[in-house]
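K.L.:
Below, each chain spelled out in residue letters.
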Amino acid sequence: MRGLFAALSLLVAALVLASLLTGPAGLPAMDSLRALILGGEGPLPIVMREIRLPRAILGAAVGAGLGLTGAALQGYLRNPLAEPGLIGISGMAALGAVIAIQTGLSLMAALALPLAALAGAAVGVALLVALAGPRGGSVTLILAGVAISALAGAGTSLVLNLSPNPYAANEIVFWLMGSLADRSMLHLGLALPPMALGAALVLSTRRALDALTLGEAAAQALGLSTAALRWRLVAGTALIVGPATAVAGAIGFVGLVVPHVLRPFVGSRPSALLPASALGGAALLLAADIAVRLIVPDRDLKLGVLTAIVGAPLFLHLIWKTRSGGRV
Amino acid sequence: MVLRLSHLSVTRRNRPVLHGVSLSLGPGEFVGLIGPNGAGKSSLMEAALGLIPFTGTSSLAALPAERRARHAAYLPQAREIAWPVSVEDLVALGRIPWPGGGRSGADRAAVDAAIARMGLEAFRKRTALRLSGGEQNRALIARALAQDTPLLIADEPIAGLDPAQQLACLRLFRDLAAEGRTVLASIHDLGLAARFCTRLVLLADGHVLADGTADAVLRDDLLRRAFGITVRRVDTPDGPAILPV
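Those protein sequences? They're chains A and B, same order as listed. Sequential numbering from 1 applies to the first sequence in our numbering. Sequential numbering from 329 applies to the second sequence in our numbering.
Treat the hints as calculated values from the structure; they're not laboratory data. Quantities reported herein were computed from a predicted structural model and do not represent experimental measurements. Among the clues, some could well be false.
To be verified - Here are some chain B residues the structure puts well away from chain A; computed CB gaps all over 12 Å:
no., residue
1, Pro392
2, Ala456
3, Thr541
As the list claims (entries may be wrong) - To give an idea of the interface, some chain A residues facing chain B are shown, with a C-beta separation under 8 Å as derived from the structure:
no., residue
4, Gly153
5, Thr213
6, Gln220
7, Ser268
Heads up, the beta-carbon is just placed ideally off N, CA and C, and yes, glycines get one too.
Just chain A, with the same shape it has in the complex (with noise of 0.2 Å):
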């Protein structure tokens, strides 16, 4: 287990480094670092500054952040097939997002899409709140989330369906895909504050994990409270979501795929794929996001999409696993 940890952590080091140096402007390792870390004269440090470094750790935050969620969900739920999105909070940031292009708004100020976002993840957090009520059970949770995130694709498409000219509604497709492209320091530091407020909150949730292994009862009976659980599953999850699709975009599978690959590793607890989880949605997105530029450097690859093309065949060979027998 400990070697798993440091395998893990290592990886997403190793990928950390390899997306400071991956870039169009094809620059000299020894002299990108140098001027990541010294500084200078120059467009060197800039770009590695303010180019890079933002994205490379935007890429592990976002990706740790998905990783951790998708983990601490499934483990709520108690079921494999559970994702960040399902609660609905990705979907109304999405929205968000899609009205602040369609208005014009994101035009105004640099932070002005991801702020709309954030509007748009709380909007989605106070429907949660009113649709599961206090005493809702897990299945109610998922019922208001599925509601949310229908209603969200439809604000969505809605949005789209009237958007008055060709260009918005190719540029709100676009970011539809999500990308961590040109974020900056400014996207940085409105995401990483709560992402980090929202880990501690459902890295608080490990042990109240693993209890419900053995059903809410039973848990309860161990001294769990299953609606405290709830609520910092919730505000966590919110949290870490809204800000990572606020600065991302929609990116998928992450967190459905990275818990199901490590959850073998760690002997199936809940808390152990926690941490676990994390690292590796920061090793996936990483890897991804430096694919994204490597795999065809003069055409815009969107980051979701291809996430997309790596986890759907994964989930495919989880649903035959199934199918031929084995468990989830």
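Following the hints, complete the assembly by docking chain B onto the known chain A.
P.N.:
Just chain B now, kept in the frame of chain A:
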């Protein structure tokens, strides 16, 4: 008293299922809760544990959550194991209420003792979900034993087990009571309940119909009122055999 319930009433979906039940359990008792389906046996146990809303008082539910979990272990009717964890990790979940949370020396000793008591040493690294139903049930009981509580509440612990496993389970509960612990278990097999429990409580329509020794509780008139059946009792050297006719 290990558990004191007074005037416990439970309403589920606007339907009263338990009407002011009072019950006290002392150390060393193995109390068999008998009665027809829907009599309120599960509701009684869940309310006693504070898992569902109720009126009246339960000495257990009144405790703060952590102390409650150190006082009573609970084996729900649904034997759920959500993830393919090892038997060892499953049993260690019983240590969650304790300070070490599964990692202290006391935790490890309790887990080892529970695994040994349930004869699961050979299975401890195996995936619990891949074991047979009977072995899984033993692992779940070991989990409850590892919790190391004075009181064990088990909802239909022998349902779905083969005769050998049923006997092993009831012998274990009788031994736990002999060691001074208290066991409250709902049991449908009246003959086995009469043989192994130190005391029976007959529940019907949310009321306690009878409470006492097997002879006092398993009377024809009471069973007819509770179940609407007559029984034929055959005394054997191992205890009464009770045959519904």
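K.L.:
Are the hints correct? Go through all of them and say.
P.N.:
Results of checking the hints against the structure:
The Cβ of Pro392/B does not lie farther than 12 Å from every Cβ of chain A; its closest approach is about 9 Å, which violates its non-interface assignment. The beta carbon of Ala456/B is not kept farther than 12 Å from every beta carbon of chain A, the shortest such distance being approximately 9 Å. Every Cβ of chain A is farther than 12 Å from the Cβ of Thr541/B; the closest lies at roughly 29 Å, confirming the non-interface assignment. The beta carbon of Gly153/A is not positioned within 8 Å of any beta carbon in chain B (closest approach about 30 Å), and the interface hint is therefore violated.
Satisfaction of the interface hint for Thr213/A is found here, the shortest Cβ-Cβ separation to chain B being roughly 5 Å, below the 8 Å cut-off. Annotation: interface hint on Gln220/A holds; nearest CB of chain B at approximately 5 Å, less than 8 Å. The interface hint given for Ser268/A is met, as the beta carbon of that residue sits about 4 Å from the closest beta carbon of chain B, less than 8 Å.
Checked against the numbered hints above, the structure breaks hints 1, 2 and 4 and satisfies the rest.
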